[in-house]
Each structure stands twice: as C-alpha cells, then as structure tokens.
Amino acid sequence: MYGGGGDAGASQFNGAGFMPSQAGNAGGGGGSGKKNYDSKQQTLRAVTIRQLHEALSSHKDDTLMLDGKEMTNITLLGKVLSSNEQGLTYGLKIDDGTGRADVKIWISDDDSEVEKQRRAEWRPGMYVRVHGHISNFGKSQDVLAYNIRPVTDHNEVTYHYLQALHQHLHLTKGGGAGPAMHQEQGGAYGTPPIAAGGYGAALPVPGYDPHHGNSALDSELMHVLNAPDARANDCGVSIDDLLMRTGGRYSMVQVREACAKLADNGRLYSTLDENHFKTCE
Amino acid sequence: MSSSLDITCPSPRVNFQSLGQFVGKRVTIVGSVVGVDGNTLQLKTSDDQVVNIQMQGAVPQCKVLEVQGMVASPNTVTEESCCPFGDNFDMANYNELCKLVNNPAYRTMFHP
Chain A
37 MYGGGGDAGA SQFNGAGFMP SQAGNAGGGG GSGKKNYDSK QQTLRAVTIR QLHEALSSHK
97 DDTLMLDGKE MTNITLLGKV LSSNEQGLTY GLKIDDGTGR ADVKIWISDD DSEVEKQRRA
157 EWRPGMYVRV HGHISNFGKS QDVLAYNIRP VTDHNEVTYH YLQALHQHLH LTKGGGAGPA
217 MHQEQGGAYG TPPIAAGGYG AALPVPGYDP HHGNSALDSE LMHVLNAPDA RANDCGVSID
277 DLLMRTGGRY SMVQVREACA KLADNGRLYS TLDENHFKTC E
Chain B
-5 MSSSLDITCP SPRVNFQSLG QFVGKRVTIV GSVVGVDGNT LQLKTSDDQV VNIQMQGAVP
55 QCKVLEVQGM VASPNTVTEE SCCPFGDNFD MANYNELCKL VNNPAYRTMF HP
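For the record, the sequence lines run as chains A and B. Heads up: the first sequence at position 263 corresponds to 299 in my numbering, and the numbers run straight through without jumps. Heads up: the second sequence at position 19 corresponds to 13 in my numbering, and the numbers run straight through without jumps.
Excised from the complex, chain A in its bound form:
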C-alpha cells in the first residue's frame, strides 16, 4: 500500500477522512456495507471518464483497479448534458470530452430548499465537479455522487485533467513507496536516499552526485573541522555552524549527508550527538 509516512507525493491521493462523514448518505448505495474499509486505503483519485471506463471494463471482483492501485473514491469533472429526477435519485449525464457518464446522487423528500436550490444550479451546459464512488447497485454500475458542485472558475477544468495525468504518471512511473523506502534504509550504509528518485523523493541538487559525494563540500567541511578553533573544542562543531561556515551554498540535507559519508569514511566522528562533529585527521 502506498501512503506510507515519508512519501509526500502519494499522500495527497490518500483520501483518509473523506469517507466517515459521508458514509451515511451513501449507505443505500451498496459497497459501503460490504466491506470494513480501512481509512488508509480510502483513496481519492481524479480520473477522466475514459479512465474510469477502462477500469470498469477490466475489473473482476469487488475491487476497482486503476494503474495497479485500488480505487475507492473518485472525482470527475464534466459538462452537464441533461438531468432527471427519479424517485430517490437525481441523475446527471456529464461529458468531460473523453466520454459521458451517468452520475446519480441520493435525494430525499424532506430535502431543504437550500438542497433544491443547489440542484437547480446543475444546469445543462454547465461544468460540475463530482465527488463519488462506483456502486454495483442492481445490474448497472453507476457513478454515485457524495457531492456535486458547479464549477465557477474554469481553470479547474485544466486543473482536473492535469491532476488526473499527474496521478496516473505518479502511480505508473515513479514514487512508489516500496522501493523508495528500501533505498532510504540503504542510506545508513552510505547511499544517500536522494538516489531513490521518483516524484515523492527529495529533489537532487544540481552538481551534487550522491554516489561520489561532493569533493568541494567534503574538503570545505574538513577545512572547517581541521581549523585550530574546531580542534580545540571538545564538542567539535555543530551542524548549524558547518552550514553557516560553508557560506550558505549548500543545504542542510547536503551538509548532513556529507558529514554522514565523511564519518563512514573515518574522516570525522560525532561527539555530543549526531549534530556535532570533530575531525579524525
């Protein structure tokens, strides 16, 4: 499962917290009663109708998969083509340019005027944002919405497509938590986690090769540590001082990694704690 602690790239698709307050409304929609969902697996994916179609036509059991990941909650964006009210559901047909989808939302007789007014805003020709899930209710698979709202700033149209593309690429090409974590553990043995790559990983800094270290930074750090004042101090030099005395041209991460590497190579050692160093030379 992704969404592991350190992977910021994936955590934004983790819809944890979205479901609990909404589950009541969707209770009749099937699905939610069958499984005891783990909130960590409650993903929210931005998808195109075409992607959703692909996921639906290939799925076998209860789980809906896209890009190799289970999909629970989805968000769609499209232009309303038509609307209709059928008993307890209100239906919209939306078109996002990649396809058309029927979206349903539960309504009740005692809906307030405000609710009715909200529905009146979902007029044909207008763009709406839909948050929902797929239900296998009856014989058809429907997009069952938790919420529908009109789009007022149309930059959201551009945004939705880019978000769908971003999530697709993130899940298919990079940033998977598994391999990245392995790499980070490897870091203790001298390979900095920067090599993990992928979207969620730290950005490599230009000119800094994690495999070979940065000889300029290494020699500057050693120069500072070999200076008489640093040798004279029993505690050595703090990492903050090292950062400052290398002239602010390096990041804290770079300095810390260079120190770890120099320590591995036996050129310096940590004193009070892992933030203070002294030279071995």
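Just so you know, not all the hints are guaranteed correct.
[Unchecked claim] Subject to a maximum C-alpha distance of 27 angstroms in a straight line, what follows is the list of computed DSSO-like cross-link-like pairs (lysine-lysine):
(1) B:K93 with B:K19
(2) B:K93 with B:K38
(3) B:K19 with A:K129
(4) A:K209 with B:K93
(5) B:K38 with B:K19
(6) B:K38 with B:K57
Don't read these hints as lab results, they were simulated from the structure. Everything numeric in this text was worked out from a predicted model, so none of it was measured.
Start from chain A and add chain B according to the hints.
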C-alpha cells in the same frame, strides 16, 4: 453488466496545432472571442491562431468560450454546444494541457 459510461463519442481537447488531425470528428476547443460576423465567430485558440466557428444558436457574450463541435476543415468548426469560460481563464496553461492530451505517450487516457 451494463455500465453508465459511454466513450463512443469523445470530443478531444485540441489547440490549433492538433485540430487538423480531427477533420470530420468532434473536438473541444477553447479560445478568446476575437470577432463575430453573422453566424460565424472568430476564436483565437490557446496557441494564437484563429479558427472560424459556425454557430448554430445565439452567440454568447463572453471573452473566453469553449466550443464542442465537428471539425469541418483545419480552420473551421461547426458548433454543437458551447460554454462561456469566464474572463480569467489561463490560456497558456490550457495550451500545455492540449499538448499533453494529444501527446502519443498520454493520449490513451483521454481519447482513442
């Protein structure tokens, strides 16, 4: 199992550059309205070229318009429906999106 999704009549998002590939097909095109002549509307696309839109109905009063329609020729589109996109729509971003949507590496997410 029947599905409530239909992908048989897509209308891909295009800029002027990709419009030519879709003659005889439906597209979605967003542009700034630069002129109106009877039923014909001149739309400046996100990549700064002018396309003639044959409007079916009334011409909406707005700065940025999204048009869905059939591509009659590489610079003419017959409108089927349209939607005003307000006046703070970022054309540069949208143009980048059009390029990505029609990039062979990603287009399967959006159209056949």
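> Taking 27 angstroms as the top limit, are the C-alpha atoms of B:K93 and B:K38 close enough?
Replying inline: This hinted pair holds, its Cα atoms lying about 16 angstroms apart.
>> Does B:K19 sit within 27 angstroms of B:K93, going by the straight-line distance between their CA atoms?
In response: 18 angstroms, holds
> Is the straight-line distance between the alpha-carbon of B:K19 and that of A:K129 27 angstroms or less?
Replying inline: Since the Cα atoms of B:K19 and A:K129 sit roughly 21 angstroms apart, the hinted pair holds (cutoff 27 angstroms).
> Taken at face value, is the distance from the CA of B:K93 to the CA of A:K209 at most 27 angstroms?
Replying inline: At roughly 20 angstroms apart (the allowed maximum being 27 angstroms), B:K93 and A:K209 satisfy the hint.
>> With the threshold set at 27 angstroms, check whether the alpha-carbon distance from B:K38 to B:K57 stays at or below it.
In response: Holds - the C-alpha atoms of B:K57 and B:K38 are around 10 angstroms apart, at most 27 angstroms.
> Given the proposed pairing of B:K38 with B:K19, does the C-alpha separation stay at or below 27 angstroms?
Replying inline: Distance of about 20 angstroms is within 27 angstroms: holds.
Hint check: no violations occur; every hint is consistent with the structure.
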